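Work out the full structure: start from the sequences and follow the hints.
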Amino acid sequence: MNKVHFQSEEELVMAIRQGDERALGIVYKTYFPMILHFITHNTGTEQEAKDIYQEAMMIFYENMHDPDFELSCKVKTYVYSVSRRLWLKKLTQRNKYVGKIDDFESFIPFVKDEVDPEEQDAQFKAMNEALSQLGEPCRTILEDFFINDFSMQQITDKMGYTNTDNAKNQKYKCLMRLKKIFFSKYQI
Amino acid sequence: MITQEIQEQIESYVAEKMPAAEKASFEKMMQQDKHLAEAVRQHQVMVNSFATFSRRTKLKKQFDSFHKEWKEESKEQPFIYTYGVRAFWRNHMTTVAVAASVAVITVFSTIFMTNYLRSLEHQQVSNYAELKKENNHIKKRLSDISASLQQDVTTAADYAASATGFMISPNGYIVTNRHVVSGADEVYVESTNYENIRQRYKAKVIHKDQKLDLALLKISDSTFKPLAYMPYALNTRETDLGESVYTLAYPREDIVYGDGAISAHTGNDGDTSKYQISVPVNPGNSGAPLLDAKGNLVGIVTGKNPNEDGAAFAIKSKHLFTLVQEIPADSLLEPLTLPRKNYMHYLRRPDQIKKLQGLVFNVKVYKK
Chain R
77 MNKVHFQSEE
87 ELVMAIRQGD
97 ERALGIVYKT
107 YFPMILHFIT
117 HNTGTEQEAK
127 DIYQEAMMIF
137 YENMHDPDFE
147 LSCKVKTYVY
157 SVSRRLWLKK
167 LTQRNKYVGK
177 IDDFESFIPF
187 VKDEVDPEEQ
197 DAQFKAMNEA
207 LSQLGEPCRT
217 ILEDFFINDF
227 SMQQITDKMG
237 YTNTDNAKNQ
247 KYKCLMRLKK
257 IFFSKYQI
Chain P
990 MITQEIQEQI
1000 ESYVAEKMPA
1010 AEKASFEKMM
1020 QQDKHLAEAV
1030 RQHQVMVNSF
1040 ATFSRRTKLK
1050 KQFDSFHKEW
1060 KEESKEQPFI
1070 YTYGVRAFWR
1080 NHMTTVAVAA
1090 SVAVITVFST
1100 IFMTNYLRSL
1110 EHQQVSNYAE
1120 LKKENNHIKK
1130 RLSDISASLQ
1140 QDVTTAADYA
1150 ASATGFMISP
1160 NGYIVTNRHV
1170 VSGADEVYVE
1180 STNYENIRQR
1190 YKAKVIHKDQ
1200 KLDLALLKIS
1210 DSTFKPLAYM
1220 PYALNTRETD
1230 LGESVYTLAY
1240 PREDIVYGDG
1250 AISAHTGNDG
1260 DTSKYQISVP
1270 VNPGNSGAPL
1280 LDAKGNLVGI
1290 VTGKNPNEDG
1300 AAFAIKSKHL
1310 FTLVQEIPAD
1320 SLLEPLTLPR
1330 KNYMHYLRRP
1340 DQIKKLQGLV
1350 FNVKVYKK
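Sequences listed follow chains R and P, in order. Under our numbering, the first residue of the first sequence carries the number 77, and numbering increases by one thereafter. Under our numbering, the first residue of the second sequence carries the number 990, and numbering increases by one thereafter.
Calculated from the structure, these hints are not laboratory results. Incorrect hints may appear among the rest.
[As the list claims (entries may be wrong)] For lysine-lysine, the following DSS-like pairs were computed, each having C-alpha atoms within a straight-line distance of at most 27 Å: (1) P:1330 - P:1214; (2) R:261 - P:1023; (3) P:1047 - R:244; (4) R:152 - P:1057; (5) P:1049 - R:126; (6) R:166 - P:1047; (7) P:1344 - P:1193; (8) P:1023 - R:256; (9) R:249 - P:1344; (10) R:166 - P:1060; (11) P:1023 - R:234; (12) P:1047 - R:201; (13) P:1049 - R:255; (14) R:150 - P:1307; (15) P:1050 - R:201; (16) R:165 - P:1049.
Keep in mind it's a predicted model, so treat the numbers as computed, not measured.
Laid out in structure tokens, this is it:
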């Protein structure tokens, strides 16, 4: 990836909101050292820093694509604050939190969780297991239909079915199976 | 059951692709049919989590590729490390500084102290001689003599060291210097009273005090009969300068009398636990009792300064008193009472010596 410069932070944020991968990559690579430093100085490892950072970036990304979300501070501060909060949570879960964190940046304390991670996590895990049990070609068909918004004709052509009815039938079966597995793992 | 046809309706309703007219009738159906409503809701949840899942997996893949790029770039320009080192220094500078200064202080003080102590030790050795009579040179001389005379006389002296000790309680406790019995495997005590009756007992080391250089022995021989009383008394007060004192000791096989006076209230290098005395002493005098004119025990002879004439040292008797107090009761085989009543203060000195003679022992130390 070539170096791309954005004139200002507003421009960068705008680019991310529009789904510019390069802008996201710049943010990712610019602030990872900061988080790596923060976590390794608070009893973490490099791998843990990567996991926490990616989780924080996920939250950042999702919030940026939420039209109601307003970024009230610098991207750097936001990423740091989210990572910090996630790391604190992890330390508390492990009973390793001793009441003191070495900070290297200013941060905004979050009063409530920006997202509801418990429910999201459960959904995420259930879907991951369901999809791996479902296997191919069902996964590709469902992804093309629900995510990539392919028409049934496109799917028929792509997967090599003789006609759209066959494809529709196949998609129906796949969806029913996925539903069954998913709800056996995830109770609502 | 949900047929394929209904399922497609649900899908288009959830995806909001249903024509308006059809949508109205479908919503009416949902209100009437609970199962249909539930199926719609479930479909919605599943499609949502499916979308989240695939979006996140895609994003995760993207992040991983960013991470890989970052790793490669940071390898080219390892700014992360300089950042890390600088920040490390900034955060831990005080700790490091304290640790380093402690290390420096420890190292130099250790070097200084060990050198200082070593030099001190030399000084002590040169200015102070313990009066234990080492038998090695005698042995050597004896063997030389025996070789020249073609006679076998070595059996007479096969002990490693000899010095003096004296009894401090009627049931057979004997005091001597610690340096006399250090490294001893067996200890025997011998005395000859004024009627020239010789006694020899096996003794056991009960207690040693490194600081005071005192040792407590106990006669462990079955042939020993406890005495009725001790003729002398232990003086716990400090004796005045110039007070006339005398000692009885075994610098050789016969008991030797020596007299003089208290010359100073401190011993070698200002050691306040000792007196300096002007009594002529020789190796073998270690552990000899020091008595005043009335026959009160005022000290225990311990050493001399080889560089100064007539400068010998004796441990003050009050330390013997504190030593006895400090010995744990369970390490004593029999109760130990120090003599507090003097039965010989009215006697002339030769008569005092007659009384004491049997209580002063030649301590012989054997090493295997």
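Okay, the hints, checked on the actual structure:
no.: 1; hint: P:1330 - P:1214; result: 21 Å, holds
no.: 2; hint: R:261 - P:1023; result: 23 Å, holds
no.: 3; hint: P:1047 - R:244; result: 26 Å, holds
no.: 4; hint: R:152 - P:1057; result: 21 Å, holds
no.: 5; hint: P:1049 - R:126; result: 11 Å, holds
no.: 6; hint: R:166 - P:1047; result: 24 Å, holds
no.: 7; hint: P:1344 - P:1193; result: 25 Å, holds
no.: 8; hint: P:1023 - R:256; result: 19 Å, holds
no.: 9; hint: R:249 - P:1344; result: 122 Å, violated
no.: 10; hint: R:166 - P:1060; result: 25 Å, holds
no.: 11; hint: P:1023 - R:234; result: 37 Å, violated
no.: 12; hint: P:1047 - R:201; result: 15 Å, holds
no.: 13; hint: P:1049 - R:255; result: 24 Å, holds
no.: 14; hint: R:150 - P:1307; result: 82 Å, violated
no.: 15; hint: P:1050 - R:201; result: 17 Å, holds
no.: 16; hint: R:165 - P:1049; result: 21 Å, holds
Hint compliance for this structure: hints 9, 11 and 14 are not met, and every other hint is.
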